[in-house]
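Let's have the full structure, built from the sequences with the hints guiding it.
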Amino acid sequence: MEQVKSFYETPSPAGLTGIKAWLLTHDHKRLALMYLWAVFFWLVLAVFLGMALRLELMFIGETIMPPEIYNAFFTLHGVIMIFLFVIPAIPAIFGNFFLPIQIGADDVFFPRLNLFSWYLYMFGGLLAVISLFTGDGFADTGWTFYVPFSVTTETNVSLTVTAAFILGMSSMLTGLNFVTTVHRMRVKGMGWLQIPLFTWSIYATAWVQILATPVVSITLVLVVLERFLNIGLFDPAKGGDPLLYQHLFWMYSHPAVYIMILPGMGIISEIIPVFSRKAIFGYKGIVISSMAIAVAGSLVWAHHMYTSGMSDVSVFVFSLLTYLVAIPTAVKVFSWVSTMYKGSILMTPPLFMALIFIYLFTVGGLTGLVLGAAGTDIHVHDTTFVVAHFHFTMFGGTGFAFFAGLHYWWPKMFGIMYDFKKAYIGSVLVTVGFIFHYIPMFILGMQGMPRRYYDYLPHFETGNFLAGFGGILMVIGIMLMFINLWASFRVREPASADPWGGTTLEWSVPSPPPLHNFVEEPKILEYPYDFSGVLARAAKNKG
Amino acid sequence: MEKAIDKTGVKIGMWIFLYSEVILFGGLFVLYAAYFHAFPEDFALGGKELNRIFGTANTLVLLISSFTVAASITAIQQRRKGLAIGLLVFSLLCGLTFLINKYFEWGAKFHHDLYPNSDRLLDSDPGFNIFFGLYYTITGLHGLHVIIGMVLLAISLVLVAGNKISAERYAMLENSGLYWHLVDLIWIFVFPLFYLVL
Amino acid sequence: MNEHESEHILSYGFLAQILGGLVLLTAVTVGVSYIDWGFLNVPIALFVASSKATLVLLFFMHIKYEGMVIKVSFISTMLVLAFLISFTFWDVAFR
Chain S
2 MEQVKSFYET
12 PSPAGLTGIK
22 AWLLTHDHKR
32 LALMYLWAVF
42 FWLVLAVFLG
52 MALRLELMFI
62 GETIMPPEIY
72 NAFFTLHGVI
82 MIFLFVIPAI
92 PAIFGNFFLP
102 IQIGADDVFF
112 PRLNLFSWYL
122 YMFGGLLAVI
132 SLFTGDGFAD
142 TGWTFYVPFS
152 VTTETNVSLT
162 VTAAFILGMS
172 SMLTGLNFVT
182 TVHRMRVKGM
192 GWLQIPLFTW
202 SIYATAWVQI
212 LATPVVSITL
222 VLVVLERFLN
232 IGLFDPAKGG
242 DPLLYQHLFW
252 MYSHPAVYIM
262 ILPGMGIISE
272 IIPVFSRKAI
282 FGYKGIVISS
292 MAIAVAGSLV
302 WAHHMYTSGM
312 SDVSVFVFSL
322 LTYLVAIPTA
332 VKVFSWVSTM
342 YKGSILMTPP
352 LFMALIFIYL
362 FTVGGLTGLV
372 LGAAGTDIHV
382 HDTTFVVAHF
392 HFTMFGGTGF
402 AFFAGLHYWW
412 PKMFGIMYDF
422 KKAYIGSVLV
432 TVGFIFHYIP
442 MFILGMQGMP
452 RRYYDYLPHF
462 ETGNFLAGFG
472 GILMVIGIML
482 MFINLWASFR
492 VREPASADPW
502 GGTTLEWSVP
512 SPPPLHNFVE
522 EPKILEYPYD
532 FSGVLARAAK
542 NKG
Chain L
9 MEKAIDKTGV
19 KIGMWIFLYS
29 EVILFGGLFV
39 LYAAYFHAFP
49 EDFALGGKEL
59 NRIFGTANTL
69 VLLISSFTVA
79 ASITAIQQRR
89 KGLAIGLLVF
99 SLLCGLTFLI
109 NKYFEWGAKF
119 HHDLYPNSDR
129 LLDSDPGFNI
139 FFGLYYTITG
149 LHGLHVIIGM
159 VLLAISLVLV
169 AGNKISAERY
179 AMLENSGLYW
189 HLVDLIWIFV
199 FPLFYLVL
Chain C
467 MNEHESEHIL
477 SYGFLAQILG
487 GLVLLTAVTV
497 GVSYIDWGFL
507 NVPIALFVAS
517 SKATLVLLFF
527 MHIKYEGMVI
537 KVSFISTMLV
547 LAFLISFTFW
557 DVAFR
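Residue numbers (our numbering), protein chains in the order written: chain S, 2 to 544; chain L, 9 to 206; chain C, 467 to 561.
There's no promise every hint is true.
[To be verified] Examples of chain S residues toward chain L, derived with CB under 10 Å:
| # | residue |
| --- | --- |
| 1 | F111 |
| 2 | V180 |
| 3 | T181 |
| 4 | I211 |
| 5 | P215 |
| 6 | V216 |
| 7 | V217 |
| 8 | S218 |
| 9 | L230 |
| 10 | I232 |
| 11 | K239 |
| 12 | G240 |
[Unchecked claim] Computed cross-link-like contacts, SDA-like style, restricted to lysine to any residue with a CA-CA straight-line distance of at most 20 Å:
| # | chain 1 | residue 1 | chain 2 | residue 2 |
| --- | --- | --- | --- | --- |
| 13 | S | K239 | L | E49 |
| 14 | C | K530 | C | S542 |
| 15 | L | K89 | L | I163 |
| 16 | L | K15 | C | V535 |
| 17 | S | K239 | L | G135 |
| 18 | L | K56 | C | P509 |
| 19 | L | K110 | C | T492 |
| 20 | L | K15 | C | E532 |
| 21 | S | K239 | L | H45 |
| 22 | S | K189 | C | V535 |
Hints in this document: simulated from the structure, not taken from any laboratory.
No residue lacks a Cβ here, since even glycine has one placed at the ideal position from N, Cα and C.
Here it is, written out as structure tokens:
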């Protein structure tokens, strides 16, 4: 059988060598990997920042850092995690690598714009790093940059929000690219209802990236303008309304959490059918619920503002709408579980991580209902209950979906397989650590411990100590997981084109794929999750 | 392998970019709406400070320039390169006129002690200060987009002159035109909201 | 993929007519602003502005002749903006 050259051996544009073959590439697959290494860097940095925070909080009073550093650290942890990891990771890495392949295309619609998006991402990250060392130190406002503090504080807010602005541009342009790609580059014969669910999730996400990001862009511009010109647009003494800042901020930042979770859900929707050897239950339901989440999720932003002083009417309206958004989300969870029912389960690390996702995300989602109901929210707003909620959804959810995607698509991207046992052990360690880390925060929050506080009352110390212990376990698990993946590069156990028995197009091409993705004309299945072929091959091999 | 350019796809990409610009300004219109609701009389007073003649002139200038940009595309489609160049030059002059007008307008306001954090604004009613805060922010951001639009039109002009834009291949001109029309669209709303507030 | 794309050319005369309409509407909105219509001031001004915007969008920006993707996505964007502004009023109007 003729050996096809992989994309590693074929630069695009042709003729580039060495580092230029990566830094000037038009190839979506190379760009995906460039994002991957950058994202890994930011994730590890932010994890260590988080660990430092939790170590500080393990004991009353100063443990390892003074309060100013603590404030800067939690701001930095949030800014990095949100703008440099959770929002970009899955779309920029897996969306870039696999969306074109899943629709039978040879790249995205605007390859050079794609490269530009990567440079914007790197530049935004660079600005964030620079803001650590210039001026009066990194911003200490929290990643939400609420006025008036963000306008009056002397720390480096302007540079930090500029970094966030640039990162927003990167996100927006990536979304633009993906929408155009899905509309114009689907292979002949692939209708909208034959598109794999991961691509659908990236498509839905892309619209939110395009339409929601500009709101935070202008909001951050206004923060900078206020810092320099003191116009007073949010200053009550000059006629301004600080709540309008919050409205503008959350008009993006709530849809942003759907940018964070929808691609993760897309990954789960790919993994569950493959390892259940069964078509996804309710394909159309998942498609519609993805779009519904994108739309409805843009109408609920003020549920972050129940205690801000906004009108009672808006508290009621946004609370009601928030409960509606829960419905399409639940549809997905039911669909995944129903897919596994009476399926032929093959346990692998991706499936294991996907199952952990379902559990942790469901807990996160349910606690979201506590926060979405105005009455209960008043009790837990701005406590560690909120912190636990969003870590369950963003880490237990998107984080684990990211891990699952890594372990699902690793063989395809690199042509090598990793050690399963260490992947399982890493996952278990992370999960057990996760539970010990965040469950105490729910309880502490209900008991009244505020978030972002440097110090706390004595009766909160046990919970914080336990959380710290869980955190250490969690970080060890993450390190083990990543080291295991890294080790696969040394062992180099080769992986086949289709190690899992998948039905979507990426499993019909070599591992790793050639430059233009396809060796022969892609064969579209009438239904993207038709496992009859996979099952037939398995039966033939057994017989 | 030279692939045919998918013109519709390029157009879709450009329109999507325009949507992001619409929402970018949209955030400022959220603020305008909320503050107009809070300070209707102060906004009317602020509107009276603005020069309706200047505003109308600028509106007409942008409308005419939108016409000439659209006409330049017709010219290119008809292979009338000279006409296209002339129309684009005229459009650029319109943009320049707009910016010059804005310069004088702002200058006049500064002269009357109406700028962010001026004594007069700090002493006046809060709604009056907000009106001008929004005025400068929105028209400033708009002016920035006029400049960007002019850069795009200038690049298109150079490409037309160099025959890189032709009847077969004019997506760059078309997309620059779309951007320019967006700049016009935003002003169509800014004008009544600031200059014609009673 | 050979797509038949209609090279829709708008004549100078037609474009000039659209400009004429825009100038007329500008005159209307300026003229109307000298009269106080009470609470109708803003709706009238916005209605005229929207009419002008519609002309620019349909003809100068060619959206009348574009496909469904652009038409639907444009309207959706305007709806999003409408929701962002109007939903803020759940708060602002009831304080």
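Numbers of unmet hints, in rising order: Of the numbered hints given earlier, the structure breaks none, since each of them holds.
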